[in-house]
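> Just so you know, the sequences run in chain order E and A. With numbering that gives the first Met the number 0, the residue at position 12 of the first sequence is 11, and numbering never jumps. With numbering that gives the first Met the number 0, the residue at position 61 of the second sequence is 60, and numbering never jumps.
It is possible that part of the hints are untrue.
To be verified - SDA-like, lysine to any residue: derived pairs with alpha carbons at most 20 angstroms apart:
no.: 1; chain 1: E; residue 1: Lys202; chain 2: E; residue 2: Ile176
no.: 2; chain 1: E; residue 1: Lys119; chain 2: A; residue 2: Met22
no.: 3; chain 1: E; residue 1: Lys119; chain 2: A; residue 2: Gly20
no.: 4; chain 1: E; residue 1: Lys119; chain 2: A; residue 2: Cys26
no.: 5; chain 1: E; residue 1: Lys119; chain 2: A; residue 2: Ser30
no.: 6; chain 1: E; residue 1: Lys119; chain 2: A; residue 2: Gly17
no.: 7; chain 1: A; residue 1: Lys64; chain 2: E; residue 2: Leu237
no.: 8; chain 1: A; residue 1: Lys64; chain 2: E; residue 2: Leu234
no.: 9; chain 1: E; residue 1: Lys119; chain 2: A; residue 2: Asp173
no.: 10; chain 1: A; residue 1: Lys240; chain 2: A; residue 2: Asp173
It is worth saying that the hints were derived from the structure and are not from the lab.
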Amino acid sequence: MPTDSALGAPLPVSRPHGRPGHEVIYRHTAVVRITHWVNVVVISLLLMSGLQIFNAYPRLHWGSYGADADHAWLEMTALNPDSKHPTGVLRLGGHRLVTTGLLGVSRGADGSPTRRGFPKWATLPSDQDLATGRRWHFFLAWVFVINGLIYLAFGLFNRHFRRDLAPTGEQLKPRSILRDIVDHIRLKHPVGEDAKRYNVLQKLTYLAVIFVILPLMVATGLTMSPGIDAAAPWLLSLFGGRPSARSIHFITANLIVLFVIVHVVEVFIAGVFNEVRSMITGRYTIRTEPHA
Amino acid sequence: MNRSRVSRRGLIGAGVAGVGGLMLAGCDRLSASPSFQSFIGGAEDLTFSSQRLLLAGQPLAREYKASQISPIFKSNGTSMPGGDAYKALLDGGFADWRLVVEGLVNRPTRFSLADLKRMPSRTQITRHDCVEGWSAIGGWTGVPLGHLLRTVGVSPRARYVVFQCADDLDNSLDGSGQYYESIDLFDAFHPQTIMAYAMNGQPLAPPHGAPLRLRVERQLGYKHAKYVMRIQLVDRVDTIKGGKGGYWEDRGYEWYGGI
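Assemble the whole structure, with the sequences as input and the hints as a guide.
See below:
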């Protein structure tokens, strides 16, 4: 295993797998691969236990306080909760969307339509159980933070961030960003030397997720703890109050889901076998020349 | 795109879906297992220790301006305790009510509401955070619990303060649903931990715990016992009721409500 393994560093033992026009490079270090798969499991379960916690009070407020009588900018509720066929709705600002079966009202433990924010299949545990959802969430949060710190430490230590994720000056020129956007829209993927490094949209997205979205997730999560609020009141001021922090936590969770969807779609477009293998073994095959 | 690539893709897709389904079913089964619950509950100990470290200097919870008070402070749990005993106390303006402070104390004492109001008081406008996720801001006036405890003299053996309440959230016949809570001495002697008899300048109303409730800022709402009748100093809580140190704790919630 090469110690200076990088996106662009070919394996010294690189064999082109008997396929002409292809080259195998060592793309992901062991730490990146392990922390990635830990994140796959932990973030999925954090999301689901988070939705369980959200369901205990499926309304979001902005500001320093927010309860039943106060204005909610987002709400999942039932229009006629006591009827046999309640209507589930999502209220967002001034808009109302009927979401029966998905949000507001979905099948409960006994199979009958029940008032609940997110449906059973999306929450952990599946039935309404705030205490267990919290236990899962806080356990996973510790695993997530420790895993993230390991990743960050190694990323700084082995220059993963600077080498693989920091865009080059050339990449940041408006023209090359524009070309990258067009390439993405046309689902065109780079070959040869360009395939050995991340493109600029990829780099900026990964940097935003690693250094903005995920830390924001942790910070807003911490701000919902009254103990942490007493210890670090400045964090609460930063987010403008606990209900605001809860709202940002929810929005950020949605951004992570959006990222994962795009990420997985791109993996399929770019070649799912090669991409998944590279995140398991580290080895990634690139085409050295475009298809004729 | 050749055929084998497509089937490989299908295989991976099916694999992901299968693993996802198994994971969900597995997680629900794990959730039902007491030993697994206790394993993931271990993280709560880590949270508790970390927060105690961060709160070692006993910082105050944020206090708000009067203009930031919630127009309507949500009443959760019991809004009016059942039973004739409480009704009689309420009808008499709590003149006959006495707060019993007992257990591991040097001088077990019964305090009237007037006794408590004659003691030094503290007024604080703080945020009440419910475990469900909502928050409300209210102003509270009461006697610091630390002052009350110093008045009766706490035995060196005491570790916890237990609050026995007048409300029976389960409407149980045998009293097993009687609300109670407990905190340790670290929180009991915090300057913002008060036994409140007034809210927003008015005598505490029944929905908010009349005549006396605990305010233990820096912890979640279920720790703030309402309708407090009796305060016990004890060395352990596992011999009381369900053994977990509180009504909601006996029903699965964590004893430490700082997160």
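> Could you tell me which of the hints above the structure violates, numbers in ascending order?
9
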